[in-house]
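These protein sequences, in sequence, are chains A and B.
The numbering used here numbers the first residue of the first sequence as 1 and each following residue consecutively.
The numbering used here numbers the first residue of the second sequence as 1 and each following residue consecutively.
Treat the hints with care, since some could be wrong.
Chain copies aren't distinguished; within one or between two, either way the pair holds.
Heads up, simulated BS3-like pairs for lysine-lysine below, C-alpha to C-alpha not over 30 Å straight-line [what the hints assert, rightly or not]:
#1 LYS58 / LYS26
#2 LYS55 / LYS162
#3 LYS140 / LYS162
#4 LYS162 / LYS58
#5 LYS55 / LYS19
#6 LYS58 / LYS140
#7 LYS140 / LYS26
#8 LYS58 / LYS19
Simulated from the structure, these hints should not be mistaken for laboratory data.
Protein chains: 2
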Amino acid sequence: MDNTYPSQLLERAVAEFSKLPGIGRKTALRLVLDVLRRSEDEVDSFTSAVSRVRKEVKYCRVCHNISDTDVCPICSDSHRDATTICVVENIRDVMAVENTQQYRGLYHVLGGIISPMDGIGPNDIEIDSLVERVAQGGVKEVILALSSTMEGDTTNFYISRKLAPYDVAVSVIARGISVGDELEYTDEVTLGRAILNRTTMTTKQ
Amino acid sequence: MDNTYPSQLLERAVAEFSKLPGIGRKTALRLVLDVLRRSEDEVDSFTSAVSRVRKEVKYCRVCHNISDTDVCPICSDSHRDATTICVVENIRDVMAVENTQQYRGLYHVLGGIISPMDGIGPNDIEIDSLVERVAQGGVKEVILALSSTMEGDTTNFYISRKLAPYDVAVSVIARGISVGDELEYTDEVTLGRAILNRTTMTTKQ
Chain A
1 MDNTYPSQLL
11 ERAVAEFSKL
21 PGIGRKTALR
31 LVLDVLRRSE
41 DEVDSFTSAV
51 SRVRKEVKYC
61 RVCHNISDTD
71 VCPICSDSHR
81 DATTICVVEN
91 IRDVMAVENT
101 QQYRGLYHVL
111 GGIISPMDGI
121 GPNDIEIDSL
131 VERVAQGGVK
141 EVILALSSTM
151 EGDTTNFYIS
161 RKLAPYDVAV
171 SVIARGISVG
181 DELEYTDEVT
191 LGRAILNRTT
201 MTTKQ
Chain B
1 MDNTYPSQLL
11 ERAVAEFSKL
21 PGIGRKTALR
31 LVLDVLRRSE
41 DEVDSFTSAV
51 SRVRKEVKYC
61 RVCHNISDTD
71 VCPICSDSHR
81 DATTICVVEN
91 IRDVMAVENT
101 QQYRGLYHVL
111 GGIISPMDGI
121 GPNDIEIDSL
131 VERVAQGGVK
141 EVILALSSTM
151 EGDTTNFYIS
161 RKLAPYDVAV
171 SVIARGISVG
181 DELEYTDEVT
191 LGRAILNRTT
201 MTTKQ
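Chain A with its partners taken away, still in its complex shape:
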């Protein structure tokens, strides 16, 4: 450490801020100095929001998305298509899919992804509860929307095997070149898959 902090209170606050992901000591110091410029009320409002979100936030008992209620607004929305479940890794992915405005079904948040390297096995994430939801019936399709990584593929494979005994379609979101991407800058694995998984062009769908 190359910084001599003139105050232990300052040093402790900087240390706490720099525990946050992507925040180094220099940024942390900038944040703490900003805190010092605020009114006490503003700082109270910040700390209480942080404290409350940790202590009071609930997770939907159906889909495990973050929620202020026992069952989240998406799961309790009768206008949504309850026959389709989109499986995602975390709540940020729920928001990402919601932002597309292309999906009107329900979700299932795994809370992680199978990753033997990080010691995360199938039992550490919400796979059993997904199988249970499907077993209860009424679900026609499960869409696996996980990252296109080794861990994502492993998890996809594991879930599809677990769901095999049930009368449910299991699909995986399309992998291909991104909209707006130029072919020459696309990596060969993605381009190869995109060619294999080509779709028929029809003049009208």
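We have chain A; now place chain B onto it with these hints.
Same frame as chain A, but now just chain B:
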């Protein structure tokens, strides 16, 4: 706003984090999700450190640097050279100068810089208290270590005029090309000043 937050607690915490400088809503969400993964004790430790630094931190009554005590460790250190005062804009600059390990005198933290554009005049920053320190005697040199900007130059000029009646040397830190910089990439104003303010090379100092 393009994000639909599944929880108001989450949304409020994200809003609070994104009030911090340089933190956008995406980063704020990442930070809040990290908070949710922590233990309650860890979150308490974070919020209490932030709250305490705002409520309990003091400012040295001599140099206005942040301090846990009435007079900061630098001002009360009898090994430091009390005849020299280095004037800086804020406490980060104190740390920056301390890190050079080239300076053994005392400091004076202005808490800002004269900036008519931002409505900051000479009376909004700690200039009077600097003049008072000098007036009390015992100070031989005041080193102005402000940013090399229009505002810094204005403040330097204002302070040097205020100190003119006293028997004290006023100096400004050297401006020139940075160590390691190549000439061809140095801007012409800096290079021009560096030529004007050239120093004599001696084989031994």
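Evaluation of the provided hints:
1. LYS58 / LYS26: between (34 Å within a copy, 21 Å between copies)
2. LYS55 / LYS162: For LYS55 and LYS162, the Cα distance exceeds 30 Å both inside one copy (34 Å) and across copies (55 Å).
3. LYS140 / LYS162: within (15 Å within a copy, 81 Å between copies)
4. LYS162 / LYS58: within (27 Å within a copy, 61 Å between copies)
5. LYS55 / LYS19: both (19 Å within a copy, 21 Å between copies)
6. LYS58 / LYS140: Intra 28 Å, inter 64 Å, cutoff 30 Å: intra-copy only.
7. LYS140 / LYS26: neither (51 Å within a copy, 33 Å between copies)
8. LYS58 / LYS19: both (24 Å within a copy, 24 Å between copies)
When the structure is compared with the earlier hints, violations turn up for hints 2 and 7 and for no others.
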